[in-house]
Amino acid sequence: MIDELVIVGVGLIGGSMARAARQHGLAKRIVGVDQRAAAAILDMGLVDESFESLKAYGKARHHNKGDQQAQRVLVMAVPPTACAALLADVIDDFGSHFWTAVTDVSSTKHAVVDAIDDLRRTIAAGEDHQAQKRLAHLLGSYVSSHPMAGSELNGPSASRADLFVGARVFVSDWPETHESATALIEGLWLGMGGQPVKLPIQDHDALLAAISHFPHLVSFVLAGLLCNSAQASAAQSLHGGGLRDTTRIAGSSPELWADILLDNRDEVLQLMPQWQLAFGEMVSALQVGDRQGLMQLLQKASHWRRQFS
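Quick note: the sequence shown uses numbering that gives the first Met the number 0, first residue 0, plus one each step.
Just so you know, these hints were derived from the structure itself, not from any lab. Owing to the predicted nature of the structure, the values given are computational and were not obtained by experimental measurement. Incorrect hints may have been included.
Said to hold, decoys possible - Simulated pairs of lysine-lysine, BS3-like, Cα-Cα distance not exceeding 27 Å: (1) K132 x K54; (2) K58 x K27; (3) K27 x K54; (4) K58 x K132.
Based on the sequences and whatever the hints tell you, model everything.
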């Protein structure tokens, strides 16, 4: 059992991790760090203690030397750019052996990879040997995660203890990551009902662009198209399962998805020519009334979709 689970960003994902960890007895103590909801998450019973910043948490702990053997896990459940910025705080504000394992749950990894590379260069160029030790420990304990779970709702009030049950969780480590840290993070996800899957971090963003980010973009575009159409009001009240299912994820947080799509725009934009070609084939078949050609396109897509595991 983890002695202390510290979650930065106690929204849908962070809050669901807190609920699941408590329900399954995965941590003796759960701490939430959230500038906007520190009081609310405590009142909701999501955490045992809350702080408005990671620095405030660090000061409260005073790096207690008598508590060095405690098993602490840090989860950064904040947007990619905020997660990248937190890494400097982790190095600056905590001793080299404070964290047993550190993970993020970012939907994109560009910012995190760039931040780690910047820290490597900056610290290697200096003569701060303590900072070098802290960086080495961070890299040894750092395991990046991405649970394929979510909701069109957001915030701590939308969190659920069963959010990760049956969900794949991509786990990406670094060359320096200790096996014990990877095992601890994988065990945490397993304990919450997730299914950890190893994924090289350099492959993460291209894969996620195809299986998550581009589909979200398409869903937002479809919802936006109908929103601006003469059928906007009727579609909201008279829709069937097809519209409800294809636009469900368009109800997700615009703030979050603007960050995700912009952060991974290079990978998303690389898919655009393929999308335009596939869409163009459908349009051409419709324009000329080519039923056989349209059937072939639909059958190929339908067959692929039916093979989902």
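Which earlier hints turn out false for this structure, listed by number in ascending order?
Every hint satisfied by this model.
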